[in-house]
Amino acid sequence: MSLPTDPFIFRTSGIRGISNIQITSKFVLELGQAIGNHLGKGKSIVVGRDNRRCSLQIEYAIISGLLSEGVNVHRFDEALPTPAVVSAIEDHECDAGIMITGSHLPPNQNGVIYFGKEGTYYSGELQKSPKANSLPWDETGDVKTHLNQSERYLERMRVFAQKYLPKKPHLDILIDPVHGPMTPFLTKIFSEFVRGTVYFHNIEENDHFPGRLSEPTVDTLQETALKVKERGADIGIATDVDGDRVLFITNEGTVVLGDQAGSLLAKKMMMTEKDLSIVAPINSSLIIGLVASEMGGTVYDCKVGPPAIIDTMIEKVAKLGFEESGKYFFMDESLWPDGLLAALKILSLMYETQLSLQELVDQLPTTTATKDKIMCETEEQKEKMMEFVYQNWEEFISGETKSEVKIDGMKRYFTDNSWLLIRPSGTENYIRIFCEALTPERTEELKRKATELLEQAKESSI
Amino acid sequence: MSYLVNKNMFRQNDIRGVYGKDLTPELALDLGKAIGTFFGEGKQLFIGGDSRISTPILMNSIAAGILATGANIVMGGLTPSPIAYYASAIDEAIDGSLMITASHNPADQNGLKITDNKGVAFYFDNCFSKLLDSLRRKDFNEVPVERLGQLRLTKQYHKLYYDELAKKVPISHKMKVVIEVGNGACGDFVDFLKQLGHEVYGLRQEPDGSFPSFVPNPSKKETLVELRELLLAKKADLGIAFDGDGDRVGFLDELGEVISPDQVMMLFAKELLLKTPKSKLLLDCKTSRATFEFIKELNGIPLITRVGHSWVHKTLIEEKAIFAGELSAHYYFEEENYGFDDALFAAMKMMAYLSQEKRTLSEVISTFPAYYASDELRLPCEDHLKDQVITYISESIIKPEWEVIDVDGLRVELDDGWFLIRSSSTEPALSFRVEGTTPSKRDELYQRVQAYIKEALGALN
Chain W
1284 MSLPTDPFIF
1294 RTSGIRGISN
1304 IQITSKFVLE
1314 LGQAIGNHLG
1324 KGKSIVVGRD
1334 NRRCSLQIEY
1344 AIISGLLSEG
1354 VNVHRFDEAL
1364 PTPAVVSAIE
1374 DHECDAGIMI
1384 TGSHLPPNQN
1394 GVIYFGKEGT
1404 YYSGELQKSP
1414 KANSLPWDET
1424 GDVKTHLNQS
1434 ERYLERMRVF
1444 AQKYLPKKPH
1454 LDILIDPVHG
1464 PMTPFLTKIF
1474 SEFVRGTVYF
1484 HNIEENDHFP
1494 GRLSEPTVDT
1504 LQETALKVKE
1514 RGADIGIATD
1524 VDGDRVLFIT
1534 NEGTVVLGDQ
1544 AGSLLAKKMM
1554 MTEKDLSIVA
1564 PINSSLIIGL
1574 VASEMGGTVY
1584 DCKVGPPAII
1594 DTMIEKVAKL
1604 GFEESGKYFF
1614 MDESLWPDGL
1624 LAALKILSLM
1634 YETQLSLQEL
1644 VDQLPTTTAT
1654 KDKIMCETEE
1664 QKEKMMEFVY
1674 QNWEEFISGE
1684 TKSEVKIDGM
1694 KRYFTDNSWL
1704 LIRPSGTENY
1714 IRIFCEALTP
1724 ERTEELKRKA
1734 TELLEQAKES
1744 SI
Chain Y
3 MSYLVNKNMF
13 RQNDIRGVYG
23 KDLTPELALD
33 LGKAIGTFFG
43 EGKQLFIGGD
53 SRISTPILMN
63 SIAAGILATG
73 ANIVMGGLTP
83 SPIAYYASAI
93 DEAIDGSLMI
103 TASHNPADQN
113 GLKITDNKGV
123 AFYFDNCFSK
133 LLDSLRRKDF
143 NEVPVERLGQ
153 LRLTKQYHKL
163 YYDELAKKVP
173 ISHKMKVVIE
183 VGNGACGDFV
193 DFLKQLGHEV
203 YGLRQEPDGS
213 FPSFVPNPSK
223 KETLVELREL
233 LLAKKADLGI
243 AFDGDGDRVG
253 FLDELGEVIS
263 PDQVMMLFAK
273 ELLLKTPKSK
283 LLLDCKTSRA
293 TFEFIKELNG
303 IPLITRVGHS
313 WVHKTLIEEK
323 AIFAGELSAH
333 YYFEEENYGF
343 DDALFAAMKM
353 MAYLSQEKRT
363 LSEVISTFPA
373 YYASDELRLP
383 CEDHLKDQVI
393 TYISESIIKP
403 EWEVIDVDGL
413 RVELDDGWFL
423 IRSSSTEPAL
433 SFRVEGTTPS
443 KRDELYQRVQ
453 AYIKEALGAL
463 N
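Chains W and Y supply the protein sequences, listed in that same order. To convert a position in the first sequence, counted from 1, into the numbering used here, add 1283. To convert a position in the second sequence, counted from 1, into the numbering used here, add 2.
Any given hint could turn out to be false.
The following residues of chain W were derived to be distant from chain Y, with all beta-carbon distances above 10 Å [to be verified]:
(1) 1360
(2) 1551
(3) 1689
DSSO-like mimics (lysine-lysine), calculated; alpha carbons at most 27 Å apart, straight line [said to hold, decoys possible]:
(4) Y:23 to W:1414
(5) Y:23 to W:1324
(6) Y:360 to Y:170
(7) Y:9 to W:1309
(8) Y:9 to W:1414
(9) W:1309 to Y:23
(10) W:1414 to Y:140
(11) Y:23 to W:1411
(12) Y:298 to Y:443
(13) W:1427 to Y:169
(14) Y:132 to Y:388
(15) W:1689 to W:1741
(16) Y:170 to Y:277
(17) Y:170 to Y:280
(18) W:1427 to W:1400
(19) Y:443 to W:1427
(20) Y:178 to Y:161
(21) W:1586 to W:1730
(22) Y:322 to W:1309
(23) Y:120 to Y:178
(24) W:1326 to Y:280
(25) Y:132 to W:1309
(26) W:1427 to Y:23
(27) W:1411 to Y:161
(28) Y:196 to Y:161
These are computed hints drawn from the structure, not numbers from a lab. Beta carbons: idealized from backbone N, C-alpha and C, even for Gly.
Sequences and hints are given; from them, build the entire structure.
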């Protein structure tokens, strides 16, 4: 993994790298100056961090850089989840926000996310500040430390909890915040708004996150799922360290995929708003398409990653967006993903339908999805291979086309409701294959043909 | 991005430079790494700072640098210097303190003072030279991620300090005082005195690093003008003026007259020697002969020292003295306090003294002996010539029968007065002070010293 220092490139979830090797204090100081220069003298920004050991050092260095560019900084005296930091932009009437978090990455990695005023993700390039270190002393910024941001976020969440769980349902819940700063908020909100037992897993404060990998996936949540079943809980709620991602576990110990949870959220919203517009990235499951068409909603494809999801939501005036990683976006409540808010809505759906989470998941269409990746050596080869894919698609891939989307690689929907996506990775030297169909046979066929196409592409690119 | 290290920033008692020119965020980051390397991985440092506008930038950069070396931080934020020293003195778990301040220097400057685990200031030879070397070679002990330092924000030491101050220096009755905070770091002291029940009027209590009125300096008249007016209007017992970081304090009596530090030292010495007779007291080489004589009369032992807080504190400990004073209005109480220069403690001591005294401050001062001393004056002199001028005067002008004290420049004791010539550590100038037994002797000495310096400069050029 290499990290360009000039310019700074914000990818789908900010800038990321190995702490103290790529994300050094000097790098971050300069990044703070670049963001300060981009934002402009006299503007104000919120800076928060998760509880990784290396986040603290980054916070101090980035604030120094911001102040030296004349930006006023609002900071906090504690580690906070990402949604608490993004919502603080509005609380303190700031122009932007920075969250220092390695999110779902291992403890030795870290990252910086740059949010706009409305909680939108900045993506693209930032040049180094041309006036770094040269602003006169009396034009530099000031810093204010807020001591009660967790209370403000908690208040915000209480309003949502009151809205979605006014009757305080009887539910037993197991929470797994993977030792992150979401722990107290999940604990307090569920203790206050749910009658039933709250069980805990991986809540001890430990910045090495010994319980599991931060990224919630079917694989990483196996132990948590076992605990849910053992305890006889109605639902398991597992976030990543900074609390913007969440996956759910059913009462039977099955991990609900992000696409399934997103589809459940869509169903809940379509109970009162039939013509709901939904945004999902191009690699999303066809489940959401089937659910939406059944209930009258519309799904818009977009590129992978939160910046594209939010931009498309704004463009299409879509009230819901989500991605399979477990990030859910609600236009009316929180344009940035918030694991706790999504959890409240799922609990609300369970209460309203009086169905268990397993029953709700069982009502969703069943599909078979799979993915694969083909390695390539260089960016240049990646481009050549994609060119080959565009030109030779017809020869390799069979099926009657329903529609085609070329916003991020090539995605084709077929009349049998199956689809295939071939897209170049934005961060690594891979070309990825995603496909899904109503039967395992069709899925396997699509994957096999796509692999043949890419192998041919690779051969011809050498 | 790179920087040049201006070695002149690394001075005898502290580090000082112009923000953005000498002291950039980037240099401060590396300075933090150098400091963390100096103290060592796993050590814990208290960080405080004054109200200067560039202080938060430097504080954040230095903290990030320290954390990178695996040293831990107790972050105090806006803090008077004595509270930073106090944190390292009282808490065994704190291995040193850092104070980001340029004291009374102009607002565009900033700097750093560093103490050890007992609140004793480091100086060039035992610390700053090593930091400079580390910066020049970019030689830092940066640790892997899992060993990075940790930090906690706290005002715990501020609270402990004031709680202890209230207990340690009881003031027997309610007093009326006016205080010039000068938008510096000591605003809390005003509220502290109010909570103790005193009638207190604070001027410029809010921290403001742009220093819209003046950079507070109790040795400068402009710092005292408004304080004097308020004191007279309120008919207060005492006027107190702090510098920006609370290590220096000036006093006005109830008539609005400035009490010279020479006399403040006498007042403190008198009280201390009553409790601990025959003790040693340390006075800097600029101090009036009257103060030395006064202490001898009280059976105390006055010792003379170089100027500069790190040197004075070190000497105080080595000599086992109970008190030290500098003409620049630093006061050190070894036995009653922790030995570091603490303006808040000195202000409390002054109030405690007056609360037990039937006379007013001006009446007390009028009983003290006094000669006729000049202010401290400066004559421009290029840096490379400073020492040569002093050597020339020493070798070619001073007569063998004159008594010469050379702890810091030349202090020459004559029958009818004395004069001191020394090189300024802060600017290209020679600093001098004279004192005569009569005003005319003082004026004559004043003319003589100027003539000596001119003669030396003429000969050297």
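Structure-based check of each hint:
1. 1360: Its Cβ does come within 10 Å of chain Y, the nearest being 5 Å, so this is violated.
2. 1551: Non-interface label stands for residue 1551 of chain W: nearest chain Y Cβ at 41 Å, farther than 10 Å.
3. 1689: The assertion about residue 1689 of chain W holds, with a minimum of 41 Å to chain Y.
4. Y:23 to W:1414: Holds, at roughly 13 Å.
5. Y:23 to W:1324: 19 Å, holds
6. Y:360 to Y:170: 22 Å, holds
7. Y:9 to W:1309: At roughly 22 Å apart (the allowed maximum being 27 Å), residue 1309 of chain W and residue 9 of chain Y satisfy the hint.
8. Y:9 to W:1414: 24 Å, holds
9. W:1309 to Y:23: The given pair, whose Cα atoms are some 18 Å apart, holds under the 27 Å limit.
10. W:1414 to Y:140: This hinted pair holds, its Cα atoms lying about 24 Å apart.
11. Y:23 to W:1411: 19 Å, holds
12. Y:298 to Y:443: 24 Å, holds
13. W:1427 to Y:169: 32 Å, violated
14. Y:132 to Y:388: 26 Å, holds
15. W:1689 to W:1741: Cα-Cα ~20 Å, so holds.
16. Y:170 to Y:277: Distance of about 15 Å is within 27 Å: holds.
17. Y:170 to Y:280: At roughly 23 Å apart (the allowed maximum being 27 Å), residue 280 of chain Y and residue 170 of chain Y satisfy the hint.
18. W:1427 to W:1400: Answer holds: residue 1427 of chain W to residue 1400 of chain W is near 18 Å, not above 27 Å.
19. Y:443 to W:1427: 56 Å, violated
20. Y:178 to Y:161: 23 Å, holds
21. W:1586 to W:1730: Satisfied, since the Cα-Cα distance of roughly 21 Å is no more than 27 Å.
22. Y:322 to W:1309: 45 Å, violated
23. Y:120 to Y:178: 34 Å, violated
24. W:1326 to Y:280: With a Cα-Cα distance of about 62 Å, the restraint between residue 1326 of chain W and residue 280 of chain Y is violated, given a limit of 27 Å.
25. Y:132 to W:1309: Given that 27 Å is the threshold and the Cα spacing comes to 22 Å, the pair holds.
26. W:1427 to Y:23: 25 Å, holds
27. W:1411 to Y:161: Given pair residue 1411 of chain W, residue 161 of chain Y is violated - Cα atoms ~42 Å apart, limit 27 Å.
28. Y:196 to Y:161: Holds, at roughly 15 Å.
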